[in-house]
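Chains A and B, in that order, give the protein sequences. In terms of full-length UniProt numbering, the first sequence opens at residue 1 and continues consecutively. In terms of full-length UniProt numbering, the second sequence opens at residue 1 and continues consecutively.
Heads up, none of these hints are tricks.
Facing chain B, a subset of chain A residues (Cβ under 8 Å, in silico):
no., residue
1, Arg11
2, Gly12
3, Phe16
4, Arg17
5, Lys20
6, Asp70
7, Pro72
8, Ser73
9, Pro107
10, Asn108
Computed cross-link-like contacts, EDC-like style, restricted to lysine to aspartate or glutamate with a CA-CA straight-line distance of at most 16 Å:
no., chain 1, residue 1, chain 2, residue 2
11, A, Lys20, B, Asp162
12, A, Lys128, A, Glu88
13, B, Lys266, B, Asp83
14, B, Lys489, B, Asp418
15, B, Lys233, B, Asp83
16, A, Lys144, B, Glu192
17, A, Lys20, B, Glu161
18, B, Lys488, B, Glu416
19, B, Lys294, B, Asp391
Quick caveat, the hints were computed from the structure, so don't treat them as lab data. All of these numbers come straight from a predicted model, not from anything done at the bench. Quick reminder that beta carbons are idealized off the backbone N, C-alpha and C, glycines included.
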Amino acid sequence: MQKHLGKEFRRGNANFRVQKELREWLANPTENLQVAVGDNIRVWVVTLTGAKGTIFAGEKYKLKFTFPMDYPSKPPSVYFLQPPPRHEHVYTNGDICLNLLGRDWRPNMTASMLALSILSMLSSAREKKIPQDNHVHADNPPGKEQANWLYHDDRC
Amino acid sequence: MAISPSIITGSHVLKHRHGMSGMESSDGEEYTYQDESGEEDVGGVESQEEEEEYSYSDGEGGCAPVPLPPPSSSMADGCKVIDADELRATMSALIDDISSVLAIHPCAAAALLRHYNWNKESVIDSFCTDPDQAKEKAGIMRFVPDLQTSDKGRLCGICREDVPAEALVALGCGHFFCRGCFTQYLVSKVEEGMGCPLTRCPEYRCPEMVTENFFRVLVPHATLAAYLRYSLKSFVDICSAFRWCPGRGCDFVAMGNSSLRACLCKCGMLFCFRCGEEAHVPASCEDMVTWVEKCKNESETANWILANTRKCPKCATRIEKNQGCNHMTCRQCKFEFCWICMGPWTEHGANTGGYYKCNKYDPSTPTKDEQDGAKAKAELDRYLHYYQRYDNHHKAQEYATKQEEEIERRMMRLQETDGSRWIDVQFLKVANEKLVECRRVLKYTYVFGYYLPEGTARKRLFEHHQENLEKFTEHLSWLSEQSLEEFKKEEKRSEVVNYTRVTETFLKNLLKSVEDGLMDEDGEDMEEGGWEGKSEPGRRAGAAGGGQVGEAAEEGRRTLPSRDGAGGGARARRSGVARA
Ligand SMILES: [Zn+2]
Ligand SMILES: [Zn+2]
Ligand SMILES: [Zn+2]
Ligand SMILES: [Zn+2]
Ligand SMILES: [Zn+2]
Ligand SMILES: [Zn+2]
Chain A
1 MQKHLGKEFR RGNANFRVQK ELREWLANPT ENLQVAVGDN IRVWVVTLTG
51 AKGTIFAGEK YKLKFTFPMD YPSKPPSVYF LQPPPRHEHV YTNGDICLNL
101 LGRDWRPNMT ASMLALSILS MLSSAREKKI PQDNHVHADN PPGKEQANWL
151 YHDDRC
Chain B
1 MAISPSIITG SHVLKHRHGM SGMESSDGEE YTYQDESGEE DVGGVESQEE
51 EEEYSYSDGE GGCAPVPLPP PSSSMADGCK VIDADELRAT MSALIDDISS
101 VLAIHPCAAA ALLRHYNWNK ESVIDSFCTD PDQAKEKAGI MRFVPDLQTS
151 DKGRLCGICR EDVPAEALVA LGCGHFFCRG CFTQYLVSKV EEGMGCPLTR
201 CPEYRCPEMV TENFFRVLVP HATLAAYLRY SLKSFVDICS AFRWCPGRGC
251 DFVAMGNSSL RACLCKCGML FCFRCGEEAH VPASCEDMVT WVEKCKNESE
301 TANWILANTR KCPKCATRIE KNQGCNHMTC RQCKFEFCWI CMGPWTEHGA
351 NTGGYYKCNK YDPSTPTKDE QDGAKAKAEL DRYLHYYQRY DNHHKAQEYA
401 TKQEEEIERR MMRLQETDGS RWIDVQFLKV ANEKLVECRR VLKYTYVFGY
451 YLPEGTARKR LFEHHQENLE KFTEHLSWLS EQSLEEFKKE EKRSEVVNYT
501 RVTETFLKNL LKSVEDGLMD EDGEDMEEGG WEGKSEPGRR AGAAGGGQVG
551 EAAEEGRRTL PSRDGAGGGA RARRSGVARA
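Looking at chain A on its own, in the form it has when it is part of the complex:
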């Protein structure tokens, strides 16, 4: 982790912004979200722990974040590694139906905002069930650009 934080990146480079976010994340740790970064600073694995008092309480899931070269003009690719939680907006291939990951992404949003949105999406669920249209999407590789997605609802 330190090797990533020590490097110098130019402003306007995707790594510059990702490094900033990583610093901010580590400076303000969240109980339910743990970040791990491997060799590539633009690939993160976030371990999400279901919040207390929700149907996912204590369960651990892993989110994979991949930041594109034109981040943050474009959103990062975010999906659940196997096995994903059973949630009506999470496909069994790991993809998440979330407008913020596609149509409604704006460059002043951050990875931690996305992770918090996903956590709150799990927290607000009443039952564990897969998306109605799971069968249409389940065989696709996860994490592709959500360019033409229709979202289940605006809030997810």
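Given chain A, work out where chain B with the ligands should sit, using these hints.
Quick look at chain B with the ligands alone, frame taken from chain A:
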């Protein structure tokens, strides 16, 4: 997904009344030319004939060859073709109109128009009913025409750095970002493409639209040009009154309405305004969608079968088809055969009395590896039958289209060899244009035919027309590919001219018949009895107007200006171009 043709075609035929507007040629057309020889004539003894004007004109036919030279503003029955500049002017006029009616900045007017799908009435209605709601929806609630500047330094939400006041910019909403970050965001939006005219403020959830002025001020020149192109493109895509010409590399746009079936672009492309594909009469737009989908699904199988080379049926030498005609002659053994069915050519021509079977799918023909009850296989065979012919005409159409330059060269050489004038050798060009057109229509007859139920009188009538057109098209193709040596003979030229005309007649007959719902001439639906098709081709061919080659050619010959009447050899040469 395989679609059962019998289901699709159930109600298909009755609905199939194409508005053939733009695809008809007038009956009384003339292949004539302007007589320019008058200048050279000395001594005023001009005969009546010499004063006659022979001019090349197509009447008002939209499907006739592209007129030469192309008119400056080409119109094909109510369809106007415009270029990017005229289009931009049309778009600006609409924006300016809204801008002045609602007394708002043109950039704001453009945002409103974009939101309401370029529908002027809904913009005005919504704006007059509830201006705030309309502005909110269009993302111009806090619209200002120019970039805002900050009075103090702030954190830029994109690079997440503290930035001094002078480096910050914002839209009317006042969400400040540093100039570099804002610009990078806009450039990336343009790189994403089509959606860039609908770019909003970089701030999370802010609905403010980034209007054209901001792109103008912030992004580099090349990016701005791309933005303007996308902006124009989305305008055309959204407005139903416009349609891009599908021609390769063509930037023209047609203005019209969806009842138009054929629109002739300045680039020579004839396309369907309704679906934006190449004009596809007699097939309907719906047929085309199903057909294209089907072809996509079957393409691997079809490609496997339709290898581009074939073995001579007699000596097995591998032959590559490199000319437009289906009449093949093996270089090795001189065997003449048909490229489509691989049968001997002698069984094809009307002159041998043979029956031209090449356009018919006969399910009773046993295929070597066909298994009883293998319905899927039978369906695949049926499809391949149609696809193969469709594809064949498609390739022949492309070939004939590519021939245009070669034909100009041939025309030039022909002139050089025997002193003909440019106008005297036009028949080659006219014939080729007719070939391109016939190939195109024939191609789509196989789509139409595929969805036409088997065993009906309609289908028999249709195949009769198709067969005639195919026969004459093949012959015309073969005739016009003869050596230039042949074309030194006047009767050879006349033959091409006549075949061009007769072929055109068959083309018209086919399209007219489909337009009339494939009914008998008496207006009767020939579902039962009536016309026996196969059993009585002679009667039908004669009645349908010039079924016999000889007869038609004979008729054509009679219409030529006679040698005697034209007064001598020099004039006779010109009569290679026939007059009606
Ligand atoms: Zn910045
Ligand atoms: Zn804003
Ligand atoms: Zn064009
Ligand atoms: Zn169409
Ligand atoms: Zn041979
Ligand atoms: Zn044949």
